[in-house]
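S.K.: Sequence:
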Amino acid sequence: MNIMKNIFSTLFIIIGIWQFFATTNYFKTIKTSGGKSTSAFSPMAIWFSFILAITFIILGLGSLFNWL
Numbered sequence: 080m081n082i083m084k085n086i087f088s089t090l091f092i093i094i095g096i097w098q099f100f101a102t103t104n105y106f107k108t109i110k111t112s113g114g115k116s117t118s119a120f121s122p123m124a125i126w127f128s129f130i131l132a133i134t135f136i137i138l139g140l141g142s143l144f145n146w147l
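Residue numbers (the numbering used here): 80 to 147.
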């Protein structure tokens, strides 16, 4: 059971890190090539994505080190 918890914790951390880099890449893309056709919801999507990435990383670390 402990092995499964460690695997899922590691997956949560990896997904959180990937989400963070994907969000950063999207932010840079919007910043350089965003125009009038860019959705008005893009800033909200970027912030929600950052929050989701941080949440995944915190949940993964919390589960891995038994903080939860």
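Hints were generated in silico from the structure; no laboratory data involved. Even glycine gets a Cβ: it sits at the ideal position worked out from N, Cα and C. Hints should not be assumed to be uniformly reliable.
[What the hints assert, rightly or not] Label-pair restraints from in silico Cβ distances: (1) F120 with F100: 41 to 51 Å; (2) I86 with G114: 28 to 38 Å; (3) T108 with G141: 43 to 53 Å; (4) L90 with S112: 27 to 37 Å; (5) S116 with N145: 46 to 56 Å; (6) M83 with T134: 17 to 27 Å; (7) S116 with F87: 33 to 43 Å.
S.K.: Does each hint fit the structure? Answer for all of them.
M.R.: Now the hints, each set against the structure:
no. : hint                       : result
1   : F120 with F100: 41 to 51 Å : violated (21 Å)
2   : I86 with G114: 28 to 38 Å  : violated (43 Å)
3   : T108 with G141: 43 to 53 Å : violated (31 Å)
4   : L90 with S112: 27 to 37 Å  : holds (32 Å)
5   : S116 with N145: 46 to 56 Å : holds (48 Å)
6   : M83 with T134: 17 to 27 Å  : holds (21 Å)
7   : S116 with F87: 33 to 43 Å  : holds (40 Å)
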